[in-house]
Amino acid sequence: MKNRLSATKYIKNNKRTCFVLILALALTFMAMYVIAYIMSATVESVKPITLELPKHIALANVTYGSLGVNRADYPDQESYENAGLQARDEFCKRLENDPDVEKVYFIQTLMAGYVGVIGGVGFNFPLVSPEQVPEVLAHVGAKLTEGRLPADDGEVLIDERILRNGGMKVGDWFQKDSYGEVFKIVGAIRSDGMACAGTPRGYYNSGWFITVLCNENSCDFKKLAAKYGLTPSEADGDVIDDIVTNRDLYEHDVADSVEATVAVIMLVTMIFLSISMIVAYVSFMRNRVNEYCLYVSIGYSRSEIYGMIMREMMLMFTAGILLGAAFSVGCIKVLEGIVIEPKGLVAKVFMKDQLLRILGAFVMIVGVLQIPVIVSVYKIKTIDLIED
Amino acid sequence: MFEIKNISKIYDMDTDEKMYALAGFDLTLPDTGLVGIIGPSGSGKSTLMYCISTLKKPTEGSVVYNGTDITEIPDRAREKLRRTEFGFVFQKHYLVPYMSALDNVIVAAPAGSNAEEKAKEALRTLGLKEREFCKRPAKLSGGQCQRVAIARAMINDPKVVFADEPTASLDHENAFNVMRILKDYSKDRLVLVVTHDRSILTDVDMMVEMWDGMVSNVTKGRA
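Protein chains in written order, with numbering that gives the first Met the number 0: chain A, 0 to 387; chain B, 0 to 222.
Since the hints were derived computationally from the structure, they do not count as laboratory data. Any given hint could turn out to be false.
What the hints assert, rightly or not - Below, a list of computed lysine-lysine pairs in the DSS-like style, where the Cα atoms sit at most 27 Å apart:
{"#": "1", "chain 1": "A", "residue 1": "Lys11", "chain 2": "B", "residue 2": "Lys56"}
{"#": "2", "chain 1": "A", "residue 1": "Lys175", "chain 2": "A", "residue 2": "Lys142"}
{"#": "3", "chain 1": "A", "residue 1": "Lys14", "chain 2": "B", "residue 2": "Lys119"}
{"#": "4", "chain 1": "A", "residue 1": "Lys8", "chain 2": "B", "residue 2": "Lys79"}
{"#": "5", "chain 1": "A", "residue 1": "Lys8", "chain 2": "B", "residue 2": "Lys91"}
{"#": "6", "chain 1": "B", "residue 1": "Lys134", "chain 2": "A", "residue 2": "Lys14"}
Chain A with its partners taken away, still in its complex shape (with noise of 0.2 Å):
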């Protein structure tokens, strides 16, 4: 026979109780959600600098050992030094040489910091002539859209979100804090691998590097070396900065990091949620024993009420789910206002993979409030036993 037991008669006569129980399940919705977002701005903010830029530049600094070049055969340090510069001269024309690189220089770097919610990362680019600045500029498909191109030595131009991230803007000196006032700003630009490009000045650099236009054929410097005869090692003190050990740097130190700090939030806010639910729950049907108790004596059975008390839930959880999105949206606006643009950092507002989870988490809330709930509706007596 079908029931009168209704789901919804209790949540709209106990409209304060239930918003509680609604909101405690929206809040964190939006906590599990809004935790994602601001993680993601993290891994989405450094993927140009990791996963793009790497694909039309590649950094390497080979030792002479790597080059061939070896200080026992040669009768003193001059020698030496001079053979590992014609090495090293003649390994970048090599270069130069293949079809799939544009342009390889021996030159200075500096590096630009980019700083995440959590963490961030820093990326050296190139110091060239000022001759040189359009031609990397065209390389990595990055256009000026402030300020004037490098004339002298000591002027930087640094990318639009780079920029937004540090504070700073054109005219200051770049990250003052760190190299003082040596590297002017005369420009910003916009690349989607957050290219930036400078020239020297003096010896203020954070390296010597090989650096090679590449495409993406040949943004893996080891495998380009090797077509040329020379296998360099970072365990030799080679330094190599590509696609491989930038990828490397994405999916281990940024990815993989955010993501188990995402899941161990998640764990910790689920068990927090479960014992605060099952509490709740415990008390919201200890009050409700005598409607039971009368369902049964006058004929309802267990499974209509454990029925009418699972659509209750659903119904609960079903708004808590719905009105922790519409916080989460709200949210996310706020921090997008707030910190996301003017930070110059992106993140990902659609998180298909997080919702699944979140969601994931509330069956597994509902499934953990069984036990109350089981235990609740096997407990139930006729009202005869009750005033016993």
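Add chain B to chain A, keeping to what the hints say.
Relative to chain A, chain B alone:
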């Protein structure tokens, strides 16, 4: 309608001091009429009513209702019986506190029926005013609550109404009103009223007197 044979209910079965709430007796109840079950506290009258109404299972004996021993039927069938053929009025009204008077009646209505209209009609018949239909139990007087409970017991048009001390929390006037309503209903139905107050059983068709777990006297006709 009810053939009760050798019924006994023993509490504390596992202990040495067994308590016989019902000590083994036979009783036959008619198809219609107002039946009063009276006795002092602890005489077993409520236990008898609960055993007849399937809310309790007797330790021994049988309760044959319309040819079926309802002590032997499965839980599902017992629930169905309580839902479709029996109505209950408890000592405390046991109204659902967050529901209106009307919803408290509708909750016991069979599906598919025009429950709202029937519930309103029942409440009207029992003397509740329209404006009281949407009030919650906390806003109703004790007498009004008990009338709502009676309307709930009658909404499924039961063949038997079980009323356990239905007037216990009422003043004299309300108590007699409730008894009048039950008497009216018993014209073509069976109404069992358990009480220790002999004064409300002036108009019963059958009186069952209980003492110490046994039926001590059965009187038919007006008391």
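Status of each hint after checking the structure:
1. A/Lys11 / B/Lys56: violated (37 Å)
2. A/Lys175 / A/Lys142: holds (24 Å)
3. A/Lys14 / B/Lys119: It holds: about 25 Å lies between the C-alpha atoms, which stays within 27 Å.
4. A/Lys8 / B/Lys79: With a Cα-Cα distance of about 23 Å, the restraint between A/Lys8 and B/Lys79 holds, given a limit of 27 Å.
5. A/Lys8 / B/Lys91: holds (22 Å)
6. B/Lys134 / A/Lys14: With Cα atoms ~17 Å apart, B/Lys134 and A/Lys14 stay inside 27 Å; holds.
Violated hint: 1 only; the structure is consistent with all others.
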